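Numbering (our numbering), first residue to last: 154 to 442.
Treat the hints as calculated values from the structure; they're not laboratory data.
Bear in mind the structure is a predicted one, so any value in this text is a computation, not a measurement.
Keep in mind that the hints are not guaranteed to be accurate.
[Claimed, not checked] In silico lysine to aspartate or glutamate, DMTMM-like type, Cα no more than 25 Å apart, as pairs:
(1) Lys308 to Asp357
(2) Lys308 to Asp410
(3) Lys308 to Glu321
(4) Lys308 to Glu213
(5) Lys431 to Glu300
(6) Lys308 to Glu440
(7) Lys431 to Glu337
(8) Lys431 to Glu166
(9) Lys431 to Asp357
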Amino acid sequence: MSMQTFTTAATVEEAVAAVAAGARPVAGGTDLVVGARTGKSTMPGSVVAIHRVAELRGVEPLADGGLRLGSLASHAEIAESDDVCARFTALSDASAIVGSHATRAQGTVGGNLMNASPAMETGGPLVCLGATVTLRSPSGTRSVAVEDLWTGPGKTTAAPDELLVGVEVPAPAAGTGSAYVRLEYRRQMEIAVVGATAAVTVVDGVVTAARVAMTALSATIRRVPDAEAALVGSDGGSAAIESAGAAVAAAATPISDVRGSADYRRAMAAVIARRAIKTALSRARGENA
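Between the sequences and the hints, there should be enough to build the whole structure, so can you do that?
Printed below as a string of structure tokens:
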């Protein structure tokens with residue numbers, strides 16, 4: 154379908170009204186344009202540009218120690234935020250390696266989340282950090298946990314008339330460290346062949362909380378409860394890390410494509426998960442990582 158209408162919203166209300174009328178919201182457009190050029194998708198019949206909506210911008214610390222990301226926050230802005238780099242390190246890790254410099258400058262966290270790719274970089278960190286998204290429609294707003302947002306590749310639980318307007322990340326507990334690691338073939342213009350995120354809390358040498366999520370290993374980015382159970386209550390030593398990595402590999406249901414076979418991805422799942430967990434533990438302990 155060729156594009157029939159194009160409008161530009163100046164306020165959230167205008168953007169929501171356009172979305173409710175059937176328009177596709179676009180900010181950076183990095184995935185939409187690439188998909189259309191490669192023939193993987195068609196341009197929507199109606200588009201509303203939301204890049205001028207000031208209310209959707211910002212990477213802001215909250216009074217309770219949490220973090221708010223406007224849906225238009227770019228990957229570059231997130232990666233360059235001192236607060237994100239200091240306290241939400243898995244998100245910093247991921248944002249810093251999205252696409253190319255140009256992609257990071259234009260691509261937004263809202264677009265990344267709503268595209269619902271199981272290989273997206275920011276998804277695993279936001280899941281492990283306990284983030285929620287705010288969805289707004291003409292009838293009001295609601296919050297959805299990021300891990301409950303996706304139902305499959307390119308599919309979300311958002312209603313057709315809802316616009317993602319922001320992301321909130323709670324303050325990490327004292328003694329928490331997080332990390333995102335991906336397997337890649339090149340440093341620029343790459344997506345994860347395999348990715349893993351870990352967020353762990355260490356108190357008096359014992360892991361008291363853990364979240365582990367896998368990327369590009371199932372139809373959606375999701376947590377691995379067995380990996381988390383292997384870590385909680387342990388000293389975060391090699392045995393616990395090995396068990397957690399094995400649990401990620403066992404939970405993986407990867408596909409085979411031109412970038413890697415399912416068997417290769419499953420084997421690498423344990424390796425990448427162990428690396429993410431080791432880095433998260435080092436950061437939780439205050440070590441350089």
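Quiz item: Which of the listed hints are not met by the structure?
Solution: 1, 4, 6 and 8
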